[in-house]
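Visitor: Sequence:
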Amino acid sequence: MPSEVRSRWVMANGVRTHYSESGNNGRVIVGMHGGGAGSSGMAGMGPLLERLGDEFHCLAPDSVGGFGLTDPYVPTPYGLMSRVQHTADFIDALCLPKVIMIGNSQGAWAAAQYAILHPDRVEKIVLISSLTIANSLKIKQRPTDALKALNDYDGTREGMRRILQALIIDPKRITDKLIDERQAAATRPGALEAFRAFARNGAILRDNPLYALQNDMAVTLPTLTKTIPTIFIWGDSDTFALPETGREIEKRVPDAKFHWVPGAGHQVQTDKPDEATKIIRAFL
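Sequential numbering of the sequence shown, starting at 806, is according to my numbering.
Be careful, since some hints might not be right.
[What the hints assert, rightly or not] Derived lysine-lysine pairs resembling BS3-like cross-links, with alpha carbons at most 27 Å apart:
(1) K953 x K1083
(2) K1031 x K977
(3) K1031 x K929
(4) K903 x K943
(5) K943 x K1083
(6) K1031 x K1062
(7) K1056 x K945
(8) K1056 x K1031
(9) K945 x K1083
(10) K977 x K1056
[Unchecked claim] With beta-carbon atoms standing in for the labels, derived distance ranges:
(11) P1059 x P976: 24 to 30 Å
(12) G995 x S812: 33 to 39 Å
(13) P1059 x A1017: 22 to 28 Å
(14) R993 x M816: 34 to 40 Å
(15) P880 x A1017: 29 to 35 Å
(16) L1018 x K903: 39 to 45 Å
In case anyone wonders, no lab produced these hints; they're calculated from the structure.
Quick reminder that beta carbons are idealized off the backbone N, C-alpha and C, glycines included.
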């Protein structure tokens, strides 16, 4: 029977932060959603929260940058690093001494970077299909229609459908409820402006040579995986972060075991939630 997922709020260093929660006891999992418009803790991590809440205390925050229901008017001057700082503030606000980090896509980068900066606070790490991590390792990927769908979101419901079709292979998982919830989050007052500013500010990690050092994981990610047990989960049908991209990461980060999930796209946890849950339980 799926665990109940509850809607919660916390002030994280002055940021009114929404998060989704399941379970009450056990080790703490912090789930980090991806970076597409309208994404949120529930939209990105809901299937895992429903399946892991029986054994773990699961928390999935909505990031700063116009995501979910978290305050969209919070400045994000450092793009992705602002998201990492918000994650640290969220974990501190809930007084969590040690956590398990799970992240998908952009959220995987944020989860790994949080662990790099706070290794004493992280027990284990699960990283799911991440082009953002590939970019931080200087891995080049050819343009894809899926990436174009994410970048070309125009604020319409049909645009949101195209985003979900880029991330999720199984059409049955792209429900009207999921489309409507993500569309409502993406188009609430201030959200689109925050989302676009977050993306623009992220360029600082590429264009400024000093800030770019914070985005370069060529040394830090392999070192992290030697220090903290880490696995990757990747869909073998991912049209956004291509399997060939994942294979290249696998070569460069040999201490992180890769799990390839047949028939899954970029959101493995949505396409194949039972398979992803089984892998995660075995690892944890």
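Visitor: A separate judgement is required for each hint: does it hold in the structure or not?
Guide: Evaluated hints:
1. As the CA atoms of K953 and K1083 are separated by approximately 32 Å, the hinted pair breaks the 27 Å bound.
2. Proposed proximity of K1031 and K977 is contradicted: the alpha carbons are some 39 Å apart, above 27 Å.
3. With a C-alpha separation of about 11 Å, the suggested pair K1031 and K929 falls inside the 27 Å cut-off, and the hint holds.
4. For the hint linking K903 to K943, the alpha-carbon distance of about 30 Å lies beyond 27 Å, and the restraint is violated.
5. Between the alpha carbons of K943 and K1083 the distance comes to roughly 31 Å, so the proposed pair goes past 27 Å and is violated.
6. For the hint linking K1031 to K1062, the alpha-carbon distance of about 11 Å falls within 27 Å, and the restraint holds.
7. Among the hinted pairs, K1056 with K945 is consistent with the structure: their alpha-carbon atoms are about 14 Å apart, no more than 27 Å.
8. Proposed proximity of K1056 and K1031 is supported: the alpha carbons are some 14 Å apart, at most 27 Å.
9. Taking the CA atoms of K945 and K1083, the gap is about 31 Å. The hint is violated against a cut of 27 Å.
10. Only pairs whose Cα atoms come within 27 Å are accepted, and K977 paired with K1056 is rejected, the gap being roughly 34 Å.
11. For the pair P1059 and P976, the supplied restraint of 24 to 30 Å is violated, since their beta-carbon distance comes to about 36 Å.
12. A hinted range of 33 to 39 Å is violated for the C-beta pair G995 and S812, which are about 20 Å apart.
13. Distance hint for P1059 and A1017: a CB-CB separation of about 25 Å, consistent with the stated range 22 to 28 Å.
14. For R993 and M816, the Cβ-Cβ distance of about 19 Å falls outside the hinted range of 34 to 40 Å, so the restraint is violated.
15. The hinted window of 29 to 35 Å between P880 and A1017 is violated, with their beta carbons roughly 21 Å apart.
16. Evaluation of the 39 to 45 Å hint for L1018 and K903 yields a failure: the beta carbon distance comes to about 27 Å.
Going through the hint list in order, the structure does not satisfy hints 1, 2, 4, 5, 9, 10, 11, 12, 14, 15 and 16.
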